[in-house]
Amino acid sequence: MTTGSVEESQLTMLEPQPTSTRMLDWVSTLDHKRIGIMYILTAVFYLAVGGFEALLMRIQLAFPNNTFLSPEMFNQLFTMHGTTMVFLVGMPVLTGFANYFVPLMIGARDVAFPRLNSFGFWMFFFGAALLHFSFLTGSAPNAGWFSYVPLSSKAYSSLQGVDYWIIGLLIMGIGSVSGAINIFATIINLRAPGMSLQRVPLFVWMMLMQAILIILALPALNSALAMLLIDRWLGSAFFDPTRGGSAVLWQHYFWIFGHPEVYILILPGFGMISEVIPVFSRKPIYGYTFIAASSVAIVLLGYGVWAHHMFAVGLGMYADIFFAVGSLLIAIPTGIKVFNWTATLWGGEIKFNTSLHFAIAFLLQFVIGGLTGIMFAAVPIDWQLTDTYFVVAHFHYVLIGGLVFALFSAAYYWFPKMTGRMLNERIGILQFWLWVLGFNMTFMVQHFLGMMGMPRRVYTYADNPGWALLNGIATLGAVFMAVGTLVFLWNIFKSLHSGKIAGDNPWDAFTLEWATTSPPPPENFPVIPEVKSRRPVWDINHPEYADWKKEKTPEDKGRRGNLAKIAAWSFIASEAVFFLLLLVAYVVFNTKLMAPVGEASSPETLSDVTSSVLDVKRTGIFSLFLITSSLTFWVAERFLKAGKKSAFVFSLGLTILLGIIFLGGQVWEYTGLLSNGISINSDLFSATFFTVTGFHGIHVTAGVIALFVMLLMGLKGNLSSEKTHVFGAVGVYWHFVDVVWIAVFGIIYLGLLQ
Amino acid sequence: MNSVIPVLDPASPQAEAINDLFLQVLLISAVVFAIVSGLILIAISRGRRRDTQPDQNFGSERSEIFWMIGPVVIVIWLVAISAHLIITLNAIPEVAPDGKINFDDVDLIVTGHQWWWEVKYPKSGVITANEIYLPADKDKKFRVLVTSADVIHSFWVAQLGPKIDAIPGRDNFIWLQASKPGSYQGRCSEYCGAQHAWMNFKVYAVTKEEFQQWEASEKQATEQPRLLSPLAAAGKKYFFQATCPRCHTVQGTAADATIGPDLTHFARRKEIGAGVIENTPANLALWLKNPQALKPGCKMPDFKLSETNLKQLVAYLETLK
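As they're listed, the protein sequences go chains A and B. This note's numbering numbers the first residue of the first sequence as 4 and each following residue consecutively. This note's numbering numbers the first residue of the second sequence as 80 and each following residue consecutively.
Treat the hints as calculated values from the structure; they're not laboratory data. Be aware that one or more of the hints could be misleading.
[To be verified] Label pairs and their computed distance ranges (CB to CB): (1) B:Gln132 / A:Ile62: 47 to 57 Å; (2) B:Gln132 / A:Gly561: 47 to 57 Å; (3) A:Ala132 / B:Lys316: 51 to 61 Å; (4) B:Ala361 / A:Ile62: 27 to 37 Å.
[To be verified] Which bits of chain A does chain B cover? Going by a derived footprint, with three or more residues having C-beta under 8 Å, they are: (5) 162-171; (6) 325-333.
Quick reminder that beta carbons are idealized off the backbone N, C-alpha and C, glycines included.
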């Protein structure tokens with residue numbers, strides 16, 4: 004997989020070009036390392052933005068009854084701070100590191116889909132810009148980073164801030180999912196010979212887990228965002244309790260995404276720490292399989308604990324106990340990791356440099372964040388402390404004390420590889436102490452503020468005893484962190500200019516990214532080294548102690564799978580979650596039996612219109628056309644493989660025709676309903692019906708377009724029988740759309756599950 | 080005087096039970112942290128002095144399993160004690176076979192509004208705002224129905240026990256009880272818009288007799304023809320001429336809107352604007368002059384009252400005892 008820009012970049016090395024051309028090189032690049040650096044730089048820019056927002060809030064909170072910021076401004080700032088740090092800093096900086104290092108660490112020359120990679124970056128870039136454009140309209144989003152309804156609905160947030168928030172997140176979400184599919188396919192497919200999945204570095208393993216989490220968790224957010232947008236723009240009532248909608252459904256959907264999101268952010272941090280600690284202990288990682296397996300456990304458990312963000316919602320005691328058990332169980336795989344990192348340090352020859360300083364601080368601070376997490380999993384404690392500054396302290400210990408410290412550790416570790424120069428150690432230690440001091444000053448005291456009764460997200464507070472002092476300390480700590488960040492930037496600029504030359508492997512590190520030059524050439528490796536263990540570079544440098552002599556790891560059987568199909572399958576996995584949640588919303592809103600304890604059950608708010616308005620027989624006939632199209636597609640695939648061009652073109656044309664007939668049926672149905680005055684904002688039945696079938700219709704349309712492209716390629720003779728896997732990938736999508744329709748037809752038209 | 084660290088200063092059996100659990104988990108956490116950080120620091124200080132290549136140890140299943148025992152035991156123990164407390168604190172009333180809740184058991188209905196709390200005693204019909212009176216009683220638990228009129232809020236009195244969200248379209252239940260007399264600070268702890276910071280309330284736990292007295296006097300529909308000073312009478316006239324009755328209720332008069340707090344016994348309340356300032360005539364004048372200056376974004380607009388009308392209104396409102 005070449006990038007097409009090899010010659011160009013060689014040119015830039017030979018003779019200096021005008022700046023504009025070099026800029027254009029970056030903008031148009033498909034090189035995974037350059038895209039990785041662009042992700043990281045954009046994330047650092049937004050880190051400064053989000054950090055500045057935090058500083059403003061800390062100034063406002065430094066004194067009781069302060070009027071530095073208006074309540075509106077403060078509310079916009081904390082909303083943007085949270086959204087920025089999660090979506091514009093945390094996710095992209097990790098995607099950036101993954102982009103840069105995953106191909107290097109698995110001995111690949113690029114990612115699986117360089118164009119998709121670039122597409123993902125630019126979606127992120129423009130989504131982020133759009134989100135921040137809202138500041139210029141005078142109303143940035145102000146409903147909090149999880150935008151609870153009904154506060155975020157049109158009735159209570161009439162300005163456009165929330166709209167920017169929704170659209171921005173949807174666009175960035177498309178970027179994230181395409182990025183994750185790319186990383187997933189890269190790890191599954193492009194590993195160097197000899198590198199079985201059980202031999203990949205733990206950072207790569209964690210990025211694989213993260214990719215799975217993104218692919219399966221983001222669609223939950225997308226489905227909730229779609230419903231909120233339809234509420235706000237088309238006047239439906241998904242989340243309007245006065246019209247029968249639910250204020251709690253949003254929270255479920257948001258946290259079905261939101262809790263895995265926590266692991267999306269922290270698992271790569273675990274991965275970085277698992278690279279840094281062994282190298283600077285001069286030992287292999289202790290318990291590789293346990294760390295890897297416990298991450299799988301975290302991924303699985305991570306999907307089943309979302310409601311621990313909702314213990315104060317009053318879900319009832321059985322739900323509370325269920326989610327408490329799940330949440331507490333996560334303590335076990337996390338404990339295993341901490342044990343293994345400690346055991347790796349134990350008996351090691353410790354190189355206590357800046358990178359390891361940050362890694363150790365990560366360990367201690369992450370343990371504190373984890374332990375307060377256990378407190379929140381014990382539900383009654385959550386009932387006291389949730390939505391106070393105690394929870395603010397908790398998640399900042401995880402995300403700053405954990406993730407940000409891991410990122411600094413990784414930055415000091417990998418900077419030499421990315422630039423060819425070492426970061427300055429003395430400045431690094433200075434930055435480290437500024438951060439450790441500042442971070443713990445800011446957030447340790449917030450535990451106490453929470454216990455003293457300070458709710459989170461208040462723009463000011465009365466002069467209660469002790470509050471001013473502790474808030475003052477917190478603000479001072481934030482200043483330390485800001486200074487620490489400036490010191491870090493200074494270190495980067497200084498080191499880029501005059502840092503020590505790094506050489507290929509300054510740390511005598513173990514993994515493949517150190518087997519090439521620093522920075523690596525466009526195609527990464529002149530020759531890909533032999534991989535016989537988890538530490539191929541160690542094996543080369545210390546042949547007498549080579550890992551494969553002592554520790555047997557599963558051999559690589561050379562199975563890599565088909566790129567196009569892997570991408571198609573991971574894409575439809577993501578889509579399946581999206582449709583599943585829309586269908587769940589349909590069932591929730593159209594099932595009369597469902598009246599959970601506590602929910603005010605007022606029959607008059609239930610839908611006036613029901614599925615009885617639908618013409619089941621007519622739609623049934625049109626459904627047959629769609630299902631038949633799957634069959635004709637299958638036939639077309641056979642003909643393509645057999646090389647029978649005209650039969651192929653005929654059956655593919657028939658497939659497209661059947662798809663179009665189905666769409667025609669949908670148009671007929673919609674016209675009938677609309678002319679009877681049933682539209683998306685009529686009631687909950689119509690809202691869910693139009694949303695589900697509408698999104699399905701959009702997917703069928705996209706499928707028809709894809710098939711049409713295939714047809715054109717077939718006619719032009721570009722679709723040879725060797726390229727059947729590309730056609731097969733489109734087929735995976737087309738069959739998926741049919742399967743979704745069967746579910747839709749069963750649930751909505753035949754009334755199954757109601 | 081309110082408690083400085085209310086979460087650690089429980090004043091009800093419910094809050095005490097949570098506090099006990101909290102202290103227990105805190106202790107376990109402290110021990111775990113001490114062990115982990117101790118091991119790490121020892122490993123670092125010994126490892127820094129080592130300058131030979133260490134043994135290349137890949138780990139052992141046996142020690143992994145051994146170290147897992149601790150977390151597993153802790154998790155099982157925490158599940159047991161939390162589940163027990165979750166069941167103990169459950170306040171959802173009996174549900175009849177037809178799925179209907181028995182509302183006769185409800186002692187108090189608290190409704191969150193942007194940005195104040197409506198407080199209703201369904202048994203006596205008393206309605207007030209931002210303050211809750213309770214008999215301080217070790218044996219009597221108030222079953223409170225918590226809901227919302229607009230967005231999601233959260234009802235929290237740290238010294239008296241758990242918080243619960245106030246959610247529109249949904250009835251949540253919680254126990255409220257105070258073991259000893261006193262005033263307890265309550266706050267909204269779910270972000271609910273511009274003035275989330277000023278959505279406070281107070282729970283006053285009083286003796287049984289005081290409570291009965293309070294209830295009896297609150298029940299009196301007030302506006303009995305009471306002798307008003309000329310200033311207050313003018314204020315009353317202005318109150319009804321102006322837009323006040325479009326949002327507020329004064330029982331026994333034509334004012335019966337429920338958008339803003341019920342003002343029937345306004346003068347007896349201790350705070351204005353859900354905790355923004357103390358309720359004194361001077362502060363009331365300040366509030367009426369421009370509520371937006373004290374609580375920017377609140378639903379009560381700046382009416383730009385003249386000095387005369389302001390004085391009259393204050394005089395009238397001060398008679399609503």
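Quick rundown of the hints versus the structure:
no. : hint                            : in the structure
1   : B:Gln132 / A:Ile62: 47 to 57 Å  : holds, 51 Å
2   : B:Gln132 / A:Gly561: 47 to 57 Å : violated, 33 Å
3   : A:Ala132 / B:Lys316: 51 to 61 Å : holds, 58 Å
4   : B:Ala361 / A:Ile62: 27 to 37 Å  : holds, 31 Å
5   : 162-171                         : violated (count 0)
6   : 325-333                         : holds (count 4)
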